[in-house]
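Chains as they are written, first to last, in this note's numbering: chain P, 30 to 625; chain E, -10 to 242.
Honestly, the hints are just simulated from the structure, not real lab data. Yeah, the Cβ is synthetic: ideal placement off N, Cα and C, and Gly gets one too. Among the hints, erroneous ones may be present.
[Stated by the list, open to error] Anything over 10 Å on all C-beta distances counts as not near chain P; from chain E, calculated:
| # | residue |
| --- | --- |
| 1 | Asp75 |
| 2 | Gln119 |
| 3 | Gln157 |
| 4 | Ala230 |
[As the list claims (entries may be wrong)] With a straight-line Cα cutoff of 27 Å, these simulated DSSO-like cross-link-like pairs (lysine-lysine) come out:
| # | chain 1 | residue 1 | chain 2 | residue 2 |
| --- | --- | --- | --- | --- |
| 5 | E | Lys185 | P | Lys176 |
| 6 | E | Lys179 | P | Lys182 |
| 7 | P | Lys41 | E | Lys231 |
| 8 | P | Lys209 | P | Lys176 |
| 9 | P | Lys106 | P | Lys182 |
| 10 | P | Lys41 | E | Lys187 |
| 11 | E | Lys185 | E | Lys69 |
| 12 | P | Lys41 | E | Lys134 |
Next come the chains, spelled out residue by residue.
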Amino acid sequence: MTDYRPPLRDIKFVLEHVVGLDDIAALPDFEHVDRDLSFTVLDEAGRFMADRIAPTNQVGDAEGAIHHDDGRVTLPKEIRSAYQEYVAAGWNAVKAPMEYGGHGFPTSVGIGVMEMLTTANMAFSLCPMLTASAILALQHHGTEEQKAIYLEKLISGEWTGTMDLTEPQAGSDVGALTTKAEPQDDGTYRITGTKIFITWGEHDVADNIIHLVLARTPGAPPGTKGISLFIVPKYLVNADGSIGERNDVNCVSIEHKIGIHASPTCVLSYGDNAGAVGYLVGAENQGMRAMFTMMNDARLHVGLEGLGVAERSYQQALEYAQERRQGRAIGAPKTESSPIIDHPDVRRMLMTMKANIEAMRALMYDNAAALDWAEHGVDDEQRQRGAARAALLTPLAKGWGTDLGVELTSIGIQIHGGMGYVEETGSAQIWRDSRIAPIYEGTNGIQAIDLVLRKLPMDGGKVVASYFDEIDALDGPLGAAGLDSIRERLAAGLAVLRKATDWIGSRDDVNDALAAATPYARMFGIVAGGYYMAKAALAAHSALGSANGDAGFYAAKVTTAQFYAEQILPQADGLLAASTAPSDSLFAIEPEALRG
Amino acid sequence: MRIAVCVKQIPDPATPYELDPDSHYVVRPNDQVLDDTDRYGVEVALQLAEATEGSVTLVSMSPSGNLQGIRQALAMGADKAVIVDDESLRGSDSLTTAKVLAGAIQREGFDLVIAGTESTDGYTGVVPQQVAELLDVPSLSFAKKVELAEDGAVRIERQTAAGYDVVQSAVPVLVTVTSGVVEPRYPTFKGIMQAKSKPVDTLGCGDVGVSPTTTQTIQAVEPVPAREAGEIVEDDGEGYAKIVAMLEQVKVI
Ligand SMILES: Cc1cc2nc3c(=O)[nH]c(=O)nc-3n(C[C@H](O)[C@H](O)[C@H](O)COP(=O)(O)OP(=O)(O)OC[C@H]3O[C@@H](n4cnc5c(N)ncnc54)[C@H](O)[C@@H]3O)c2cc1C
Ligand SMILES: Cc1cc2nc3c(=O)[nH]c(=O)nc-3n(C[C@H](O)[C@H](O)[C@H](O)COP(=O)(O)OP(=O)(O)OC[C@H]3O[C@@H](n4cnc5c(N)ncnc54)[C@H](O)[C@@H]3O)c2cc1C
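Could you build the full structure based on these sequences and the hints that come with them?
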């Protein structure tokens, strides 16, 4: 695997020109933040991730997590020491609240740190990512006492967190879970049941693990209305904050997986003996509310995995394409073979990677910025607008982003030819790692449904309509800048997207919307990507006039946006038919007949 | 112990730079980074300062820009920085650089001066020795290990072709360190935040008692000549002799 070069210029460009970091840094909650400082934070984070985390990626994959008979799970020593360094440097705490030792930085800066961590080692990144989810849940729903006991140590990284939803019969359908929580006289609960697929559910990189477990209290209503959230620490915590007795939660086994080998995926059993002690978070039957608090954040972070793997794969492929010589490009000297980057087809693969990566990054950072507005806006209007935008973009960041993660890392392998298929180069690992992201944290099928059934109807369709208007509003500036191909293709993409949106909104049969969901979500992602690329092109175009030493960088931004507009955006047209086809055609064949 | 560390802000080696078409000087971008080789000196200084409850002052001559490179060293833990930024120093040669640095160091007061062996962008490798001479202190060079001797002297292991020499000197003294002498620490988030409010004094030539005289101008910049095709020696049994003759001719054997 080649060295990881943090794409700091691209990240800063997006923050400065697409996301409007300066406006966010100007919010009263971010008095301690400014652009220069944020960029310094990103520079140092990038250096750290490249030097200390990225080198653990391959050993993490080769050795992986190991489950022992006594229930312990151990990780390669490189991963353990990288974790210690990571938390000691304070990278776990970038956007956590300051009153509990966090640095209180915006999510839009935190996402840059998280992107680089994820790109450096995706399996490793899942541990801090889940801890961040646990922090959010407790911050918003925990009692003062619970916050006092857990937050500081989760933020410092001394302890880690997990999210325990899935059970054998309850995956996409969280409401089907059956883990039980019996109230005790002392106000605690006893948890019994089994959870599967729990990421970083057991490990030896930190002293304690705080499981956030969804379970049902006796007599709770069926489905998601009867789910409550509990803190179940691996070790109980004494009144003085020190670690006490071992709780009755055990790791029965870990899964053997396609990728992310350094992320232990655990079967956890609660209450084999005395019953696991659990502490209720919020009120009984309000567990899903807490889940929704974390969901936007967690889904964006999984989306980021799509970006991260694609970036790493691109860097690797780009380097290989410059070294590998094969065949003779048209016009090359007769005596030597050409680097494969000189072949049009290879160039197209690289451009496809680059353009999609830039589009994804912009959408995801905009999503992060929307979360900042939602939480830190100065009035209700700002906060509501931010929340609505984040809600709209989240299924795109997760679904479109992680689908692209798989596709682009596959292209990364293709650029390597046969060497891509052997493990030695590392490009195979990146692709294997990428494959989980469309599955967990709500499958991409579920994301598409979330988009069409929950997000499009928000505020009577006004949220999506105003996003479309924003895209429309670029028409004038693009024309004025002479960026005609971008202007034309973006307008055409928006037109088909509006058509499909109207069609979905007009159907009475919900099954039609469900049938159209996935191609529609893809189309939406492609057009949204075109919007961000157009914004980037406009910013780069105006910067070109005043560029000092950076002209090549800005010119490449414009060209990449043109490539996206001319060669990727038109794919939206091709998705119109599937996005507007009633469900009948999908069900026309009986399951028996599908066998052929 | 009062420790001064000479650190350079340089254009990020990862991004392409441009030459000014008239002067042929590198166009210094606003964003410059701390020369990676200087991280070793900073780390050594921090360790010695921690051991002696001393202080670490960064000394630099460069266009300030947004001070990003200096802040990087402050984020590692240095206490303050002095930067000499004067338009008249543009294109200075190594002796002028040394005079400026020596002037700034003298002004601050010091027991120990630490510098890198050679910078990543200029790599003349002579500035530190010139600084030592101007400060009238001994110079211990090529340190692959730096420690304090019992009597407060500074003892180093000087890297040589054959191994290393152990050399020692009482303070005040100047030491140049090699890359790899220690593992430079990564700034912590806290360190980055603190660096924002650490003092950075910006001085001009007059403050350090130097009046620059431009002694060098760059007449022209030519691209590196393309690599010439190699010569193929066909082995007819006596090929080795031809190769030996060729190697002798280019004086590598
Ligand atoms: C490596 C790994 C790590 C994980 N980490 C965690 C974790 O930390 N915590 C945790 O709680 N869980 C975790 N999971 C579980 C993960 O979230 C679930 O696997 C995921 O939600 C899908 O559930 P499932 O596997 O039961 O698939 P199913 O729900 O059985 O889905 C199978 C297929 O049917 C589709 N489908 C299902 N329902 C519908 C529907 N209503 N409409 C349309 N299509 C539908 C899905 O999209 C999918 O394509 C992890 C899983 C893996 C593999
Ligand atoms: C306003 C201004 C403009 C300049 N413009 C240019 C330019 O356009 N092009 C260009 O190439 N150089 C420029 N310089 C830099 C200057 O010319 C060099 O610092 C000097 O010529 C010799 O440095 P060297 O890198 O060869 O030192 P070396 O002897 O190789 O460096 C060894 C060690 O000495 C110390 N050191 C060296 N130089 C400095 C310094 N400047 N500050 C602090 N510590 C130092 C470091 O510890 C370094 O590791 C400029 C400087 C200033 C102030």
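The hints, checked one at a time:
no., hint, in the structure
1, Asp75, "holds (21 Å)"
2, Gln119, "holds (30 Å)"
3, Gln157, "holds (33 Å)"
4, Ala230, "holds (28 Å)"
5, E:Lys185 with P:Lys176, "violated (30 Å)"
6, E:Lys179 with P:Lys182, "holds (17 Å)"
7, P:Lys41 with E:Lys231, "violated (56 Å)"
8, P:Lys209 with P:Lys176, "holds (24 Å)"
9, P:Lys106 with P:Lys182, "holds (22 Å)"
10, P:Lys41 with E:Lys187, "holds (25 Å)"
11, E:Lys185 with E:Lys69, "holds (11 Å)"
12, P:Lys41 with E:Lys134, "violated (38 Å)"
Violated hints for the displayed structure, listed by number in ascending order: 5, 7 and 12.
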